[in-house]
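Q: Sequence:
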Amino acid sequence: MLDVSRNGSTMKVLHLTLSYGQGGRREAIVALARGLADLGIECHLGCLDEFDSAPEERTSFSGAINLERNGVFDLAALSQLRVYCREHGIDVVHAHDAASEAMAALAMPVAGPALLMTFHRTRSIETARLRDRLRNALVGLRVGAVVTASQERLRHYVASNYVNPDKVSCVPLGIDLDRFRDDPRLRLEMRERSGVRNGELVVGAVGHFGEVKGIDLAIGAFQSFARDHPEHDIRLVILGQGSAEREATLRAMVLPEFSGRIFFEGFRSDPENWFPGFDVLLHGARDEAFGLVLAEAQACGVPVVAAKVGGIPEVVLDGRTGYLAASAAIAPLADKLQQLLASESGHRQMGRQAVEHAQRQFSRRRYAEDYLQVYRRLLA
Numbered sequence: 001m002l003d004v005s006r007n008g009s010t011m012k013v014l015h016l017t018l019s020y021g022q023g024g025r026r027e028a029i030v031a032l033a034r035g036l037a038d039l040g041i042e043c044h045l046g047c048l049d050e051f052d053s054a055p056e057e058r059t060s061f062s063g064a065i066n067l068e069r070n071g072v073f074d075l076a077a078l079s080q081l082r083v084y085c086r087e088h089g090i091d092v093v094h095a096h097d098a099a100s101e102a103m104a105a106l107a108m109p110v111a112g113p114a115l116l117m118t119f120h121r122t123r124s125i126e127t128a129r130l131r132d133r134l135r136n137a138l139v140g141l142r143v144g145a146v147v148t149a150s151q152e153r154l155r156h157y158v159a160s161n162y163v164n165p166d167k168v169s170c171v172p173l174g175i176d177l178d179r180f181r182d183d184p185r186l187r188l189e190m191r192e193r194s195g196v197r198n199g200e201l202v203v204g205a206v207g208h209f210g211e212v213k214g215i216d217l218a219i220g221a222f223q224s225f226a227r228d229h230p231e232h233d234i235r236l237v238i239l240g241q242g243s244a245e246r247e248a249t250l251r252a253m254v255l256p257e258f259s260g261r262i263f264f265e266g267f268r269s270d271p272e273n274w275f276p277g278f279d280v281l282l283h284g285a286r287d288e289a290f291g292l293v294l295a296e297a298q299a300c301g302v303p304v305v306a307a308k309v310g311g312i313p314e315v316v317l318d319g320r321t322g323y324l325a326a327s328a329a330i331a332p333l334a335d336k337l338q339q340l341l342a343s344e345s346g347h348r349q350m351g352r353q354a355v356e357h358a359q360r361q362f363s364r365r366r367y368a369e370d371y372l373q374v375y376r377r378l379l380a
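Each residue of the sequence shown is one higher than the one before, starting from 1 at the first, in the UniProt record's numbering.
Among these hints, one or two may not hold up.
Label-pair restraints from in silico Cβ distances [unchecked claim]:
(1) 21 with 343: 34 to 42 Å
(2) 210 with 233: 30 to 38 Å
(3) 184 with 49: 19 to 27 Å
(4) 197 with 88: 49 to 57 Å
(5) 88 with 313: 35 to 43 Å
(6) 268 with 200: 18 to 26 Å
(7) 244 with 179: 24 to 32 Å
(8) 269 with 352: 46 to 54 Å
(9) 347 with 179: 19 to 27 Å
(10) 89 with 184: 44 to 52 Å
Calculated from the structure, these hints are not laboratory results. The model shown is predicted, which means the values in this text are computed figures rather than measured ones. Ideal Cβ placement from N, Cα and C applies to all residues, glycine included.
Make the full structure from the sequences, and use the hints.
A: Set out below in structure tokens:
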């Protein structure tokens with residue numbers, strides 16, 4: 001039985017983030033908060049800017065605060081954060097980005113709750129500029145721990161910042177395995193809803209339309225594969241959104257011959273009802289700190305094709321739960337898609353291995369227990 005108390009009372013954690021809109025970071029925060037709640041930890045939510053979500057989407061938290069800060073030196077917002085932590089007896093402030101980390105350190109520079117930061121971001125954000133590294137070093141004097149979602153990001157963070165490496169550790173993300181599961185009923189419903197023909201293969205691509213997520217590479221790789229292998233009845237289903245300009249650019253990539261085989265379904269808040277209907281997840285990301293959708297898809301029995309970038313090789317087992325291309329480019333991704341679909345029996349086996357891998361490595365309970373150990377070290 002884990003001891004989750006703090007001086008005989010319930011441990012209280014404030015998750016502080018820039019915003020609480022849709023995306024992988026929000027999913028990671030929710031999964032962690034729910035996992036911690038299962039362990040008896042009381043979680044609160046704080047946003048520097050706006051929540052960008054309805055109140056009913058924040059029910060995983062015992063309390064919430066919207067700072068609506070005007071810059072990092074907003075004295076009113078700093079005071080508001082300090083008062084909230086004191087009035088609610090917050091033991092740990094868990095920042096989920098560098099801006100939140102800096103805000104908490106400025107609000108409570110000497111005393112107050114323990115402070116840690118999870119580095120969720122891509123390589124080019126939060127560590128790229130000298131000013132970023134200097135900020136991280138100064139704030140790091142107050143911060144007790146920095147946590148990354150992959151060993152690759154841990155190495156990058158230590159190499160790119162003036163930081164005590166003993167403060168940096170890795171906790172892989174976790175997911176709700178009751179929500180993301182290999183379910184034949186959900187597979188059938190998704191395929192009927194989408195008008196998928198009997199025997200037709202469904203390739204999924206998931207992510208926002210920014211360049212880093214590589215939806216353009218997924219489209220290009222799919223078209224290359226479909227052109228070279230006309231024997232396959234196959235479609236591409238894209239879940240995601242972005243600016244109108246970026247979406248127009250992606251739609252313009254679709255060749256006339258594939259206009260009836262590539263479907264833009266927009267952002268979906270229920271990916272667990274879509275993933276079971278995929279036969280492959282084609283992930284064109286040019287960089288990825290972890291790749292939460294990769295874990296979610298594998299839990300649904302979906303093998304992955306992606307590139308060996310960022311933390312992806314730690315999430316997808318190359319040759320067992322999917323195939324990883326040497327680089328994030330159209331031709332290598334198309335080749336790996338062909339390799340995956342070349343054998344029907346091999347494809348099915350990879351799907352089974354993907355489920356086993358996800359259940360073994362990405363449970364919400366393991367995720368929460370790992371973070372609880374970090375919190376306890378900070379409070380010791």
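Q: So, for every hint listed, does it hold in this structure?
A: Structure-based check of each hint:
Judged by the Cβ atoms, the range 34 to 42 Å given for residue 21 and residue 343 holds: they are separated by roughly 41 Å. Between residue 210 and residue 233 the C-beta distance comes to about 31 Å, which sits within the given range of 30 to 38 Å. A hinted range of 19 to 27 Å is violated for the C-beta pair residue 184 and residue 49, which are about 42 Å apart. Between residue 197 and residue 88 the beta carbon distance is about 55 Å. The supplied range of 49 to 57 Å therefore holds.
For residue 88 paired with residue 313, a C-beta distance near 40 Å keeps the hint of 35 to 43 Å intact. Between residue 268 and residue 200 the beta carbons are some 20 Å apart, a value that agrees with the proposed interval 18 to 26 Å. Between residue 244 and residue 179, the C-beta spacing of about 31 Å keeps the proposed range 24 to 32 Å intact. Between residue 269 and residue 352, the C-beta spacing of about 28 Å breaks the proposed range 46 to 54 Å.
Judged by the Cβ atoms, the range 19 to 27 Å given for residue 347 and residue 179 holds: they are separated by roughly 24 Å. Checked against the hint of 44 to 52 Å, the pair residue 89 and residue 184 passes, with Cβ atoms roughly 47 Å apart.
The structure is inconsistent with the numbered hints 3 and 8, although it conforms to all the rest.
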